[in-house]
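**Q** The primary structure of each chain is shown beneath.
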Amino acid sequence: MILTLLDRLNRRRAWLRWGLLAAGLLVAFGLPWTLYPPVATDIVCWGLFAVAFDLLLGHAGLLSFGHAAFWGTSAYGTGLIAIHSGVPFYVAVLGGTAAAAMLALPIGYLAVRRSGIYFAMITLAFAQMVYFVTNQWRDVTGGENGLQGIPRTLPGFDLSNSFVFYYAALPVVLLGLLAAWRIVHSPFGRVLAAARENPARVRALGYPADHYKLVIFVISAFLAGLAGGLYAVNHGFASLQEVYWTTSGKVAMMTILGGIGTLWGSLVGAAAIVRLEDWLATAGFEATGLVTGVIFIAVVLIFRRGIWGTITHLLRARAVAPVPQIEPHLEHDHDELQPTPTN
Amino acid sequence: MGIAAAAVGALLAGCGGGPGAGGGKVSNAKIVLGVLTDLSGLYADITGPNAVAAVEMAVEDFKRKYGDKAITDNIEVIKADHQNKPEVASTQARQMYDRQQVDALFDVPTSSAALAVATIAQQSKRLYFNTAAATTELAGKSCNKYTYEWAYDAYMLANGTAANVTRQGGKNWYLVYPDYAFGQDMQAKFATAVEAAGGKVVAKDPTPFPSDDFATFLLKAPGLTPKPDVLGALQAGGDLANLVKQYDQFKLRDKGINLAIGLLFDSDIKAIGAAKLAGTTFTTAWFWNLDDEARAWADRFKKRTGQRPTFDHAADYSAATHYLEAVQKAGTDKAEDVSKQLDGMTFSDFFARNATVRPNDHRVVHDAYLVKVKAPAAASEPEDFTELVEKIPADQAFDQPSPACRMG
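First to last, the protein sequences are chains A and B.
Mind the numbering: the first sequence is residues -17 to 325 in my numbering, read in order.
Mind the numbering: the second sequence is residues 1363 to 1770 in my numbering, read in order.
Source of the hints: derived by calculation from the structure; they are not laboratory data.
Computed from a predicted model, the values in this text were never measured in an experiment.
For glycine and all other residues, C-beta sits at the position ideal for the given N, C-alpha and C.
Some hints here could point you the wrong way.
What the hints assert, rightly or not - Which stretches of chain A does chain B cover? Using the computed rule of at least three CB atoms under 8 Å from a CB of chain B, they are: (1) 49 to 62; (2) 72 to 81; (3) 125 to 132; (4) 252 to 262.
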């Protein structure tokens, strides 16, 4: 009896998963019909950025406070390639993304040796370096005037219409999301999760935990770069805002708002923040920062799991409630034996 | 599915909006003026909600002047907050042109935001009147035929102060400038103007931006040889306030080093205190206590907003008025036709005296003013901060058209 119940639950879960995927795709494709297209493109770009951030924070347990460096490096890189070479924007974005990933290698190499607040501070320090270099190197970056006039080039298509551009950018974002999903659900992702929970034990099992962290750091920077490049092409310029620390803060806020470690929650968080900013710009309130801040604090205080995390938690609680306790406590029995402290 | 949707979308978007889409004289049977500015942040006092009020005043005055003869009595003013972020500015500008049928945008502080909006104006083929951003690039490399610079720029600020102070005896200069594009730009223009007027830049130092400690530079000043007569401070906003307070603490004025400032707004004087700044010279595009004509408008402005206007507010009013007049004359709000009315126009109003709209780079040149900060005892009211030292004629106040500007 228990088996059939479990079976039914699993089947229901599979249906739910496919249903959610279909709904998600429907929303992704329908977004520019309901929203102003440039805002819709902003949402998917920030969404991918937040997912990249969540890969690191939620799945590897590393709070980076310098992700603006990768988003921004790719934005400027993409812009420079697009302006000076006139290649299709996909190529430019890929070039910018490669630059971001390359930058992540040395930064990550040094940063992953530490965790927690030290990791956050090291990434922040590097991001600020990138910011100052961008600011000072004004022959190339345009200083605080920004890098203006990034074209949307794609032979055979007229992308000047933002509606069309959304559909040109969407496949890139979806590929990025697919990659993130695959990584989380791969053996690599499991090792990462283990390393997050207990690095010493993972090392004892023979996995080089730091290597795993470095790889996920670079992957996260790569996806952040992908999003940043698209964002720059969407707006037609890259500005210092892209590499400023507030951008790192904004993406953290999106992920926390959506739900840490939920992956899709980051998309919800990004959509909420971008929509809110857009709406507040014309709403007649003259305190945008105050409103977003209050909402953020409210979510953190009341919905600890974030928007998506709270919803799935409630759904799961309802789905699981009628099922009697069937899981033996086997897998938890080591919890009380805390591992030796690391470092 | 995506491609089909895109095709339909492109079709839909093509039908909506676009200048001259309506059948009548003005598109959508109304004229919409948009004020895109900083409503909540750093520049909200200089521009902000009062910039919206200034444009609204211009619309009311236009309606009153023309009554039934106005091209349309359906004139709206809408506003948006760009939070000094260029991304928000570009999205909002696009949205205002596309969706809210804005015919002309005004204001837009922060150079990067203004440059982004200028690009959108060109793409959307609608007008944009910059009154708040100082970058000379708007009339230089990034100029376009839909963008006008109505109030001031970095050259005007630097040239006026540097040339006049040097001529009045401040021969040796020590320049301290914030290390970013505005500061660099100002520093280069200051140095050129000082040397052209027969002065000498003894030393120049970039300061970190932002910064609250300028002691290194202030202590260095008296020891330089030859000793500088003038400290040229090219900082803005909070940095400037800190620098001036420290200049005061180190008593440099008593040591014979005067202070000249690049960009100073009434709100800065209010923040720093007029007593600390008394005697400081700087250049401005306009100030409310200039003469009777300016005062008359400033009185109306104060009645409406409770505050005296900055030159940015006055410029917004002036630009909006001339825009509406040009629409009236052209008989349409089509950007190209309105622009034809404006290009080459000469005029004088309470804000811009002896003004010309230069057709080749859309820079509006007009008289600028070298002013100094009044001692609080000499002020007629709490917001009376400045007095005129010298008028800088329009043909000297601004730079020659930049060869980098090529309008399509």
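**Q** Would you mind marking each hint as holding or not holding in the structure?
**A** Here's how the hints hold up against the structure:
Coverage of a stretch by a chain is defined here by at least three residues with a beta carbon nearer than 8 Å to that chain's beta carbons; for the stretch 49 to 62 of chain A and chain B the count is 0, and the condition is violated. Three residues within the 8 Å Cβ limit are the bar, and the stretch 72 to 81 of chain A against chain B gives 0, so the coverage statement is violated. Counting residues of the stretch 125 to 132 of chain A whose CB lies closer than 8 Å to any CB of chain B gives 6, which reaches the minimum of 3, so the coverage claim holds. Given a C-beta distance limit of less than 8 Å, the hint that chain B covers the stretch 252 to 262 of chain A holds, as 3 residues qualify and 3 suffice.
Of the numbered hints given earlier, the model fails hints 1, 2; all others are met.
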